[in-house]
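4 protein chains.
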Amino acid sequence: MASLRTLKEEVYEANLALVRHGLVLLTWGNVSGIDRDQGLVAIKPSGVPYDDMTADDMVIVDLDGKVVEGTLKPSSDTATHLVLYNRFEGVGGVAHTHSTHGAAYAQAGRPIKILGTTQADYFADDIPCTRDMTKEEIEGAFEHETGNVIVETVGNRDPLHVPGVLLKNHAPFTWGKTAAEAVRNSVVLEEVARMGLMTAQLNPQAEMNQHLVKKHFERKHGPNAYYGQGGPN
Amino acid sequence: MASLRTLKEEVYEANLALVRHGLVLLTWGNVSGIDRDQGLVAIKPSGVPYDDMTADDMVIVDLDGKVVEGTLKPSSDTATHLVLYNRFEGVGGVAHTHSTHGAAYAQAGRPIKILGTTQADYFADDIPCTRDMTKEEIEGAFEHETGNVIVETVGNRDPLHVPGVLLKNHAPFTWGKTAAEAVRNSVVLEEVARMGLMTAQLNPQAEMNQHLVKKHFERKHGPNAYYGQGGPN
Amino acid sequence: MASLRTLKEEVYEANLALVRHGLVLLTWGNVSGIDRDQGLVAIKPSGVPYDDMTADDMVIVDLDGKVVEGTLKPSSDTATHLVLYNRFEGVGGVAHTHSTHGAAYAQAGRPIKILGTTQADYFADDIPCTRDMTKEEIEGAFEHETGNVIVETVGNRDPLHVPGVLLKNHAPFTWGKTAAEAVRNSVVLEEVARMGLMTAQLNPQAEMNQHLVKKHFERKHGPNAYYGQGGPN
Amino acid sequence: MASLRTLKEEVYEANLALVRHGLVLLTWGNVSGIDRDQGLVAIKPSGVPYDDMTADDMVIVDLDGKVVEGTLKPSSDTATHLVLYNRFEGVGGVAHTHSTHGAAYAQAGRPIKILGTTQADYFADDIPCTRDMTKEEIEGAFEHETGNVIVETVGNRDPLHVPGVLLKNHAPFTWGKTAAEAVRNSVVLEEVARMGLMTAQLNPQAEMNQHLVKKHFERKHGPNAYYGQGGPN
Numbered sequence: 001m002a003s004l005r006t007l008k009e010e011v012y013e014a015n016l017a018l019v020r021h022g023l024v025l026l027t028w029g030n031v032s033g034i035d036r037d038q039g040l041v042a043i044k045p046s047g048v049p050y051d052d053m054t055a056d057d058m059v060i061v062d063l064d065g066k067v068v069e070g071t072l073k074p075s076s077d078t079a080t081h082l083v084l085y086n087r088f089e090g091v092g093g094v095a096h097t098h099s100t101h102g103a104a105y106a107q108a109g110r111p112i113k114i115l116g117t118t119q120a121d122y123f124a125d126d127i128p129c130t131r132d133m134t135k136e137e138i139e140g141a142f143e144h145e146t147g148n149v150i151v152e153t154v155g156n157r158d159p160l161h162v163p164g165v166l167l168k169n170h171a172p173f174t175w176g177k178t179a180a181e182a183v184r185n186s187v188v189l190e191e192v193a194r195m196g197l198m199t200a201q202l203n204p205q206a207e208m209n210q211h212l213v214k215k216h217f218e219r220k221h222g223p224n225a226y227y228g229q230g231g232p233n
Numbered sequence: 001m002a003s004l005r006t007l008k009e010e011v012y013e014a015n016l017a018l019v020r021h022g023l024v025l026l027t028w029g030n031v032s033g034i035d036r037d038q039g040l041v042a043i044k045p046s047g048v049p050y051d052d053m054t055a056d057d058m059v060i061v062d063l064d065g066k067v068v069e070g071t072l073k074p075s076s077d078t079a080t081h082l083v084l085y086n087r088f089e090g091v092g093g094v095a096h097t098h099s100t101h102g103a104a105y106a107q108a109g110r111p112i113k114i115l116g117t118t119q120a121d122y123f124a125d126d127i128p129c130t131r132d133m134t135k136e137e138i139e140g141a142f143e144h145e146t147g148n149v150i151v152e153t154v155g156n157r158d159p160l161h162v163p164g165v166l167l168k169n170h171a172p173f174t175w176g177k178t179a180a181e182a183v184r185n186s187v188v189l190e191e192v193a194r195m196g197l198m199t200a201q202l203n204p205q206a207e208m209n210q211h212l213v214k215k216h217f218e219r220k221h222g223p224n225a226y227y228g229q230g231g232p233n
Numbered sequence: 001m002a003s004l005r006t007l008k009e010e011v012y013e014a015n016l017a018l019v020r021h022g023l024v025l026l027t028w029g030n031v032s033g034i035d036r037d038q039g040l041v042a043i044k045p046s047g048v049p050y051d052d053m054t055a056d057d058m059v060i061v062d063l064d065g066k067v068v069e070g071t072l073k074p075s076s077d078t079a080t081h082l083v084l085y086n087r088f089e090g091v092g093g094v095a096h097t098h099s100t101h102g103a104a105y106a107q108a109g110r111p112i113k114i115l116g117t118t119q120a121d122y123f124a125d126d127i128p129c130t131r132d133m134t135k136e137e138i139e140g141a142f143e144h145e146t147g148n149v150i151v152e153t154v155g156n157r158d159p160l161h162v163p164g165v166l167l168k169n170h171a172p173f174t175w176g177k178t179a180a181e182a183v184r185n186s187v188v189l190e191e192v193a194r195m196g197l198m199t200a201q202l203n204p205q206a207e208m209n210q211h212l213v214k215k216h217f218e219r220k221h222g223p224n225a226y227y228g229q230g231g232p233n
Numbered sequence: 001m002a003s004l005r006t007l008k009e010e011v012y013e014a015n016l017a018l019v020r021h022g023l024v025l026l027t028w029g030n031v032s033g034i035d036r037d038q039g040l041v042a043i044k045p046s047g048v049p050y051d052d053m054t055a056d057d058m059v060i061v062d063l064d065g066k067v068v069e070g071t072l073k074p075s076s077d078t079a080t081h082l083v084l085y086n087r088f089e090g091v092g093g094v095a096h097t098h099s100t101h102g103a104a105y106a107q108a109g110r111p112i113k114i115l116g117t118t119q120a121d122y123f124a125d126d127i128p129c130t131r132d133m134t135k136e137e138i139e140g141a142f143e144h145e146t147g148n149v150i151v152e153t154v155g156n157r158d159p160l161h162v163p164g165v166l167l168k169n170h171a172p173f174t175w176g177k178t179a180a181e182a183v184r185n186s187v188v189l190e191e192v193a194r195m196g197l198m199t200a201q202l203n204p205q206a207e208m209n210q211h212l213v214k215k216h217f218e219r220k221h222g223p224n225a226y227y228g229q230g231g232p233n
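Protein chains in written order, with UniProt numbering: chain A, 1 to 233; chain B, 1 to 233; chain C, 1 to 233; chain D, 1 to 233.
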């Protein structure tokens with residue numbers, strides 16, 4: 001169980017990082033992480049203030065959503081997280097926020113177009129927005145269907161090359177190899193949304209050269225990555 | 001009198017929460033709370049800096065506005081608060097701020113359209129803006145008439161389903177079951193105003209599916225609410 | 001000389017208040033205050049970082065700009081402040097900032113229209129923008145001519161009813177009965193500029209009822225003011 | 001080697017100043033400084049969190065990019081910095097950030113027009129944006145070519161009169177006589193970008209009188225500069 005302890009601490013720290021980066025108001029937002037060997041997920045409890053939370057409050061669920069450890073109810077978005085773990089193999093962490101600019105793009109139903117190296121350093125393409133959910137999806141297993149719509153939106157792309165989407169009329173979901181990386185991608189998404197809105201105001205026709213997109217993404221994530229002190233960062 | 005002491009402390013804390021959430025500049029903004037059994041309201045004193053204020057400075061008035069306890073003058077907006085307590089039965093707290101984005105919507109005379117789940121988690125509909133007040137209302141019992149115009153704007157809706165309005169050319173008023181909940185609704189109103197302005201800039205035609213509005217509002221407030229650790233949150 | 005000591009401390013505190021309110025980057029901005037009995041003005045020294053400054057660094061000049069006390073050079077904008085003291089009798093303090101939204105209006109050459117009670121609580125009207133200065137004014141006694149253009153812009157209005165203007169392609173100047181009140185008016189100007197920009201984005205045709213303007217200004221500043229714990233605030 | 005020690009400390013402090021001024025998210029941004037006598041440059045290591053960094057982590061490279069001192073890899077943007085030192089004689093420090101508004105202008109491919117004295121106090125003209133880089137430049141010695149494009153954009157102008165450019169679809173580079181001054185120019189660039197975006201929203205036709213530009217630039221930087229306590233500031 002040592003690894004579960006570590007996972008709970010990582011997920012706890014990742015949830016606090018959301019707050020520290022100014023991505024969270026009140027109790028909005030949640031982060032989870034998975035231990036792939038055990039097939040167990042640690043996630044923030046539902047509606048608990050960040051200030052009162054401890055690492056022990058993280059709830060452990062299996063990939064079917066059954067609570068395995070913990071006395072609190074897991075996040076009401078747990079079923080969405082689980083779909084992503086079940087369908088995206090390389091993903092080790094998932095984050096959900098209502099960060100202001102990301103949420104505005106989601107409300108507008110617009111993708112965050114790739115217009116600069118800030119985005120290309122982490123996302124190989126536009127950050128897409130999901131389609132409207134149907135009445136049946138909304139009134140059915142809503143949070144599970146939400147996960148399905150995210151998976152549908154990512155489509156054939158490598159989820160780690162487009163590590164986030166905008167949930168229409170809702171807000172962003174991001175992911176990464178770890179819970180910390182999922183949070184980092186939420187930070188990046190919010191910042192490029194902020195830049196993207198201003199860019200559109202300055203020049204609605206702005207575009208980015210695909211050679212430059214590729215260069216920057218591969219500088220950090222390609223087989224010959226050379227940013228940072230080791231391999232890809 | 002124990003309950004009055006508690007009420008004053010709750011109202012004092014709620015006033016400080018406005019400041020902590022960045023909704024207040026200088027001495028703008030005020031929060032009140034009511035003890036329904038005694039029919040007494042605690043409210044911030046007028047024009048006193050938040051830093052110098054103590055719980056004891058909260059002024060107690062009855063539902064006709066008579067000062068029952070306290071040496072300072074109550075907020076100049078007291079008469080508006082009292083109309084809301086007299087007309088909205090389930091309301092236990094009222095907050096007024098000049099939060100920037102909410103005030104901008106009020107100055108524009110535009111409702112904050114419901115465009116995302118951030119709003120739908122707390123408001124079941126658009127946040128309406130009041131009509132222009134008449135010369136007679138402005139030159140008459142101005143603060144009392146302000147309350148009347150708010151009540152007129154809420155109309156037949158359940159005040160706890162639309163727990164706030166924009167006062168035209170002025171700023172937001174919000175309310176809730178407690179003073180703390182009224183402040184929380186001011187926080188939400190300011191954030192959805194911020195998101196709403198950006199959404200309009202990204203896509204002036206943005207809309208939200210009514211099924212999704214209903215799902216989110218009821219997830220937190222309906223008879224089968226399942227967000228948080230207990231009942232509705 | 002006791003009063004000079006007090007004046008230097010008030011002006012020092014008012015300069016720090018500019019920083020605390022987020023209206024100052026680097027060494028931009030300066031506040032002065034006047035002792036009308038002695039005809040002496042205390043003002044921030046030129047280009048000194050706020051962190052290193054003490055009350056003793058405030059420079060005392062007479063109404064002709066002669067340094068009477070202090071080892072540092074006074075603000076390069078001193079001549080502008082002096083014109084305002086010489087021409088506006090009731091003014092006891094002057095503040096100059098490059099606060100972002102105020103500066104944007106000044107760069108746009110647009111007045112800050114009165115659109116809400118936030119402005120009407122402190123300004124009885126629009127906050128005007130000066131005309132372009134001529135080549136002769138710019139290449140002549142520039143800072144003195146800047147003061148003249150401000151006075152020309154205020155025109156026949158009571159300077160304490162319109163306690164600030166936008167200097168075209170530059171930034172705001174505000175004033176008040178004291179240095180602290182001049183700073184407060186800089187805070188209000190920046191906030192109403194921020195609200196004004198957003199209001200224009202939401203509704204370019206927004207307007208405010210003159211009865212409401214008058215009601216709010218007089219609630220705080222008229223002969224029957226009833227805001228705050230004493231008289232006008 | 002005493003001077004190298006000092007240089008490393010200055011560069012370390014300048015990197016932290018970027019963070020303190022809110023111009024940096026995550027590990028984005030880097031500052032370097034040069035010792036012209038030794039022809040050696042100190043620069044931030046690549047991808048190292050600011051919180052963990054010490055002055056000793058600054059990497060020393062010569063003007064050909066060879067690491068002379070230090071155990072970490074230098075910033076992946078080092079080659080860009082070196083072109084600027086090799087081509088701009090009077091430059092002693094270079095800074096690169098992804099500051100939000102500057103990056104938005106870079107993404108839009110638009111210069112930051114000179115519209116106010118805030119800009120004219122530090123830049124004698126518009127802040128230009130580079131052209132698109134070619135496929136060959138991007139796939140070749142990318143960071144070196146980036147430096148060449150910056151030099152091409154500055155053209156015949158004195159680099160200290162236009163101490164920064166926007167790198168198209170990327171973000172700002174600024175420079176100055178020292179590392180600290182390069183950072184100060186990044187602060188100014190971000191602020192005038194913020195003001196510029198708002199100015200364009202308020203009045204797309206806004207312009208600034210060239211006499212006023214000249215007056216303000218020379219007040220701080222001309223032979224008869226009179227701002228601050230000494231010479232030019």
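Please note that the accuracy of each hint is not assured.
Pairs involving identical chains hold if they fit within one copy or between any two copies, as the list cannot separate such chains.
[Said to hold, decoys possible] DSS-like cross-link-like pairs, simulated, lysine-lysine; straight-line CA separation at most 30 Å:
(1) Lys73 <-> Lys113
(2) Lys113 <-> Lys66
(3) Lys66 <-> Lys215
(4) Lys135 <-> Lys66
(5) Lys177 <-> Lys113
(6) Lys177 <-> Lys73
(7) Lys135 <-> Lys73
(8) Lys135 <-> Lys113
(9) Lys214 <-> Lys177
(10) Lys66 <-> Lys177
(11) Lys66 <-> Lys214
(12) Lys135 <-> Lys220
(13) Lys113 <-> Lys220
(14) Lys215 <-> Lys135
Just so you know, the hints here were simulated from the structure itself, not pulled from any lab data.
Verification of the supplied hints:
In this homomeric assembly, Lys73 and Lys113 never come within 30 Å of each other (Cα to Cα): the closest approach is 37 Å inside a single copy and 32 Å across copies. In the homo-oligomer, the alpha carbons of Lys113 and Lys66 never lie at most 30 Å apart, since the shortest distance is 38 Å inside one protomer and 38 Å across protomers. In this assembly of identical chains, Lys66 and Lys215 lie within 30 Å of each other by CA distance solely across copies; the values are 23 Å between and 43 Å within a copy. For the identical chains of this complex, Lys135 and Lys66 are intra-copy neighbours only, at 27 Å inside a copy versus 52 Å across copies, given an alpha-carbon limit of 30 Å.
For a Cα distance limit of 30 Å, the shortest separation of Lys177 from Lys113 inside one copy, 23 Å, qualifies, whereas the shortest one across copies, 37 Å, does not. In this homomeric assembly, Lys177 and Lys73 come within 30 Å of each other (Cα to Cα) both inside a single copy, at 25 Å, and across copies, at 24 Å. Taking identical chains as interchangeable, the C-alpha atoms of Lys135 and Lys73 lie at most 30 Å apart only when both belong to the same chain, with a minimum of 27 Å there against 53 Å between chains. For the identical chains of this complex, Lys135 and Lys113 are neighbours both inside a copy (29 Å) and across copies (21 Å), given an alpha-carbon limit of 30 Å.
In this assembly of identical chains, Lys214 and Lys177 lie within 30 Å of each other by CA distance solely inside one copy; the values are 21 Å within and 35 Å between copies. Within a single copy, Lys66 and Lys177 get their C-alpha atoms as close as 23 Å, which meets the 30 Å cut-off; across copies the closest is 34 Å, which misses it. In this assembly of identical chains, Lys66 and Lys214 lie within 30 Å of each other by CA distance solely across copies; the values are 27 Å between and 41 Å within a copy. Proximity of Lys135 and Lys220 under a CA criterion of 30 Å is satisfied inter-copy only: 19 Å between copies versus 41 Å inside one chain copy.
Taking CA atoms no more than 30 Å apart as the test, Lys113 paired with Lys220 passes inside one copy only; the shortest distance there is 20 Å, against 33 Å between copies. When the C-alpha separation of Lys215 and Lys135 is checked against a cutoff of 30 Å, the pair qualifies only between copies, where the shortest distance is 10 Å, while the shortest distance within a copy is 42 Å.
Consistency note: the structure conflicts with the earlier hints numbered 1, 2.
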